[in-house]
Amino acid sequence: DAMVIQNPRYQVTQFGKPVTLSCSQTLNHNVMYWYQQKSSQAPKLLFHYYDKDFNNEADTPDNFQSRRPNTSFCFLDIRSPGLGDAAMYLCATTLGGGFYHEQYFGPGTRLTVT
Amino acid sequence: RKEVEQDPGPFNVPEGATVAFNCTYSNSASQSFFWYRQDCRKEPKLLMSVYSSGNEDGRFTAQLNRASQYISLLIRDSKLSDSATYLCVVNMDTGRRALTFGSGTRLQVQP
Chain A
1 DAMVIQNPRY QVTQFGKPVT LSCSQTLNHN VMYWYQQKSS QAPKLLFHYY DKDFNNEADT
61 PDNFQSRRPN TSFCFLDIRS PGLGDAAMYL CATTLGGGFY HEQYFGPGTR LTVT
Chain B
1 RKEVEQDPGP FNVPEGATVA FNCTYSNSAS QSFFWYRQDC RKEPKLLMSV YSSGNEDGRF
61 TAQLNRASQY ISLLIRDSKL SDSATYLCVV NMDTGRRALT FGSGTRLQVQ P
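Here the protein sequences come in this chain order: A and B.
Just so we're aligned, residue 1 is where the first sequence starts under the numbering used here, counting upward by one.
Just so we're aligned, residue 1 is where the second sequence starts under the numbering used here, counting upward by one.
It should be emphasised that the hints constitute simulated quantities derived from the structure, not laboratory data.
Keep in mind that the hints are not guaranteed to be accurate.
Lysine to any residue pairs mimicking SDA-like chemistry, simulated, CA-CA at most 25 Å apart [stated by the list, open to error]: (1) B:K45 - A:R79; (2) A:K38 - B:D39; (3) A:K52 - A:G82; (4) A:K38 - A:M3; (5) A:K44 - B:Q110; (6) B:K42 - B:A29; (7) B:K42 - B:D7; (8) A:K44 - B:R59.
Since we're looking at a predicted model, the values are computed, not measured.
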């Protein structure tokens, strides 16, 4: 089945130790998103790629970076994780164009910072 | 004021009840509207899109009132499996190709 896959599902890292989360998709969607979701809060958009074009949200900290080496893969790099970065990180994809942007989410990576 | 605002609940209802959720959005130029469902510690999944004329999918009915900037979701004949958080989602700016999520309304259906 076509899907959005995230690895790992659970990640534990130490304060200040860089970590990379990965997302892959078999939907052939040209738009990929990264969200951060903390408990009982809405998913918060960090950035997205439209094809190769990177779009950063104005309030996304510099500590968060992303790479998209090809259509299928997208990575989220957290350069120096702080305790406040502990959250669920969700990757989503959509087919760009038109008003109705249904997004397909991966299962998420739950990040713990110790 | 939040861009997309929902009553956080929780809504505790018995099986078989009808329950309604409301959502307001701040940007009158918003173009598309959705309800997503999110189970505990899982990813959001699309429940239904919301069209101007209102739409129904089985036990679920969504309504949009552009003049009041208000979206609703009605669930009839609630099932235990309907227990989840329901996220109101709005495309506020088509140029940005991004969705804005409400923080969700939690529903607990009880036997």
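Practice prompt. Compare the distance between the alpha carbons of K42 (chain B) and A29 (chain B) with 25 Å, and conclude whether the hinted pair is satisfied.
Written response: violated (31 Å)
Discussion item. So if I understand the rule, the pair passes when the alpha-carbon distance is 25 Å or less; does K45 (chain B) with R79 (chain A) pass?
Written reply: violated (30 Å)
Worksheet item: Given the hinted pair K38 (chain A) and M3 (chain A), is their alpha-carbon gap at most 25 Å?
Response: This hinted pair holds, its Cα atoms lying about 24 Å apart.
Item to complete: For the pair we were handed, K44 (chain A) and Q110 (chain B), check the Cα-Cα distance against 25 Å.
Response: violated (31 Å)
Item to complete: Take a quick look at whether K42 (chain B) and D7 (chain B) sit within 25 Å of each other, Cα to Cα.
Response: Given that 25 Å is the threshold and the Cα spacing comes to 21 Å, the pair holds.
Fill in: Proposed proximity, R59 (chain B) with K44 (chain A) (alpha carbon, max 25 Å)
Violated, at about 30 Å.
Worksheet item: Are K38 (chain A) and D39 (chain B) close enough, with their CA atoms no more than 25 Å apart?
Response: Roughly 14 Å between the alpha carbons, so the hint for K38 (chain A) and D39 (chain B) holds.
Worksheet item: Regarding the pair K52 (chain A) and G82 (chain A), is the alpha-carbon distance no greater than 25 Å?
Response: Given that 25 Å is the threshold and the Cα spacing comes to 29 Å, the pair is violated.
Comparing the model with each earlier hint shows violations of hints 1, 3, 5, 6, 8; every other hint is respected.
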